[in-house]
Amino acid sequence: MSMIAGLIDYLRGNEKKTAVVAKERLQIILAHERAGRGTATPDYLPALQEELMAVIAKYIHVDRDSFKVQLEKHDQYDVLELNITLPDKVNSRR
Amino acid sequence: MAKVIVITSGKGGVGKTTTSASFSSGLALRGNKTVVIDFDVGLRNLDLIMGCERRVVYDIINVINGEVSLKQALIKDKNCDNLFILPASQTRDKDALNLEGVARILEELKQSFDFIVCDSPAGIESGAFMAMYFADEALVVTNPEVSSVRDSDRILGILAAKSKRAVEGLEPVKEHLLVTRYDPKRVNAGEMLSVTDIQEILRIPLLGVIPESESVLKASNSGTPAIHMDKSDVADAYRDVVGRFMGEDLPMRFVAEKAGFLKRLLGGR
Chain W
1 MSMIAGLIDY LRGNEKKTAV VAKERLQIIL AHERAGRGTA TPDYLPALQE
51 ELMAVIAKYI HVDRDSFKVQ LEKHDQYDVL ELNITLPDKV NSRR
Chain G
1 MAKVIVITSG KGGVGKTTTS ASFSSGLALR GNKTVVIDFD VGLRNLDLIM
51 GCERRVVYDI INVINGEVSL KQALIKDKNC DNLFILPASQ TRDKDALNLE
101 GVARILEELK QSFDFIVCDS PAGIESGAFM AMYFADEALV VTNPEVSSVR
151 DSDRILGILA AKSKRAVEGL EPVKEHLLVT RYDPKRVNAG EMLSVTDIQE
201 ILRIPLLGVI PESESVLKAS NSGTPAIHMD KSDVADAYRD VVGRFMGEDL
251 PMRFVAEKAG FLKRLLGGR
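If you read the protein sequences in the order shown, they are chains W and G. Per the numbering used here, the very first residue in the first sequence carries number 1; after that it's consecutive. Per the numbering used here, the very first residue in the second sequence carries number 1; after that it's consecutive.
Possibly wrong hints are sitting among the right ones.
[What the hints assert, rightly or not] Anything over 10 angstroms on all C-beta distances counts as not near chain W; from chain G, calculated:
1) Lys3
2) Leu170
3) Ile204
4) Arg239
[To be verified] Straight-line distance between alpha carbons at most 27 angstroms, and here's what the computed DSS-like set of lysine-lysine pairs gives:
5) G/Lys11 x G/Lys162
6) W/Lys23 x G/Lys185
7) G/Lys11 x W/Lys23
8) G/Lys258 x W/Lys16
9) W/Lys17 x G/Lys11
10) G/Lys185 x W/Lys17
[Stated by the list, open to error] Partner residues aside, some chain W positions facing chain G, computed with beta carbon under 8 angstroms:
11) Lys17
12) Thr18
13) Ala19
14) Val20
15) Lys23
16) Leu26
17) Gln27
18) Ile29
19) Leu30
No lab work stands behind these hints, which were simulated from the structure alone. Fair warning: this is a prediction, and the values are worked out from it, not measured in the lab. Heads up, the beta-carbon is just placed ideally off N, CA and C, and yes, glycines get one too.
Whenever a hint applies, use it, and build me the whole structure from the sequences.
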């Protein structure tokens with residue numbers, strides 16, 4: 001019995017149709033791409049980080065690694081987070 | 001009030017120019033004063049599809065640069081009295097277009113035309129941006145194929161965020177889905193995304209379905225917009241699209257497989 005059933009299954013092509021695969025793949029990738037869209041796309045973050053660093057470096061010596069800019073998305077609002085770890089002893093210009 | 005309609009898709013080769021030619025012809029055949037503008041600066045082709053390539057003297061860049069008047073650059077269509085074509089420049093590149101210049105041309109065209117159809121180039125760079133920026137409505141041309149659907153989604157995102165209507169906080173650009181190169185037979189075989197699948201993914205209203213057909217190539221070979229091809233499904237489909245765009249409630253055709261000879265004989269549909 002099982003052999004015949006298996007054969008019928010195979011012949012009927014119980015493998016997923018490619019159109020179904022296409023739809024699933026699109027739904028997943030587009031959900032991901034749409035989430036990254038919206039008013040505040042993080043495209044500008046690297047440039048923002050560079051400029052902020054340049055300003056801060058005028059007054060304080062900070063390491064490139066101790067400086068982080070992050071954008072967090074929440075339902076109603078986004079949070080732009082600047083995280084600067086200051087050296088133990090702050091060396092101001094004057 | 002004149003309406004600006006962009007024919008867009010993101011992806012190339014899906015049928016933007018074919019659609020621009022037939023859609024603008026269809027509008028004109030219904031008595032609307034229509035102008036169709038080729039925004040593909042450097043790769044102009046609308047003139048070939050409309051069959052007016054040998055009559056191109058001036059182009060949109062000449063008008064933007066103030067070298068000629070708009071009237072001098074417009075070409076009257078050979079098939080429709082109410083239709084004019086504004087060709088793209090073939091020798092310049094897309095940077096020759098600018099928003100101020102395009103705005104000026106559109107304002108002037110709005111004085112004397114009912115519909116301004118903008119044939120967008122592929123991609124999302126400046127030419128495509130200029131074509132969609134001033135749009136009131138958008139026809140998003142999509143093939144039942146993953147890369148085309150994804151690119152259409154991207155274009156919809158840009159329309160919603162970067163068009164003039166979006167930037168100025170006006171009523172959003174009205175979006176229409178146009179599925180082209182559709183093959184119901186392959187859809188039934190599970191080899192092709194269905195119209196329903198595409199609509200479900202892109203979530204915009206369906207304006208029409210253009211079936212895959214040999215007559216599109218025949219039309220472009222002869223420089224006649226497909227809507228003028230006698231006894232062709234594509235021509236019927238484009239006429240339906242124009243009818244729906246004008247507010248008529250027409251049933252969707254060409255979404256189901258054509259009945260074979262035997263089936264028709266037995267009374268199936």
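Going down the list of hints, with the structure as the test:
1. Lys3: Holds: least Cβ distance 27 angstroms, greater than 10 angstroms.
2. Leu170: 17 angstroms, holds
3. Ile204: Its Cβ never comes within 10 angstroms of chain W, the nearest being 13 angstroms, so this holds.
4. Arg239: 28 angstroms, holds
5. G/Lys11 x G/Lys162: 18 angstroms, holds
6. W/Lys23 x G/Lys185: Satisfied, since the Cα-Cα distance of roughly 18 angstroms is no more than 27 angstroms.
7. G/Lys11 x W/Lys23: 18 angstroms, holds
8. G/Lys258 x W/Lys16: Holds, at about 25 angstroms.
9. W/Lys17 x G/Lys11: With a Cα-Cα distance of about 25 angstroms, the restraint between W/Lys17 and G/Lys11 holds, given a limit of 27 angstroms.
10. G/Lys185 x W/Lys17: Since the Cα atoms of G/Lys185 and W/Lys17 sit roughly 14 angstroms apart, the hinted pair holds (cutoff 27 angstroms).
11. Lys17: Holds. Min distance 3 angstroms.
12. Thr18: The hint holds - W/Thr18 has a Cβ within 8 angstroms of chain G, the shortest such distance being about 6 angstroms.
13. Ala19: 5 angstroms, holds
14. Val20: 7 angstroms, holds
15. Lys23: Since chain G brings a Cβ to about 5 angstroms from W/Lys23, closer than 8 angstroms, the hint holds.
16. Leu26: 5 angstroms, holds
17. Gln27: 6 angstroms, holds
18. Ile29: 7 angstroms, holds
19. Leu30: 5 angstroms, holds
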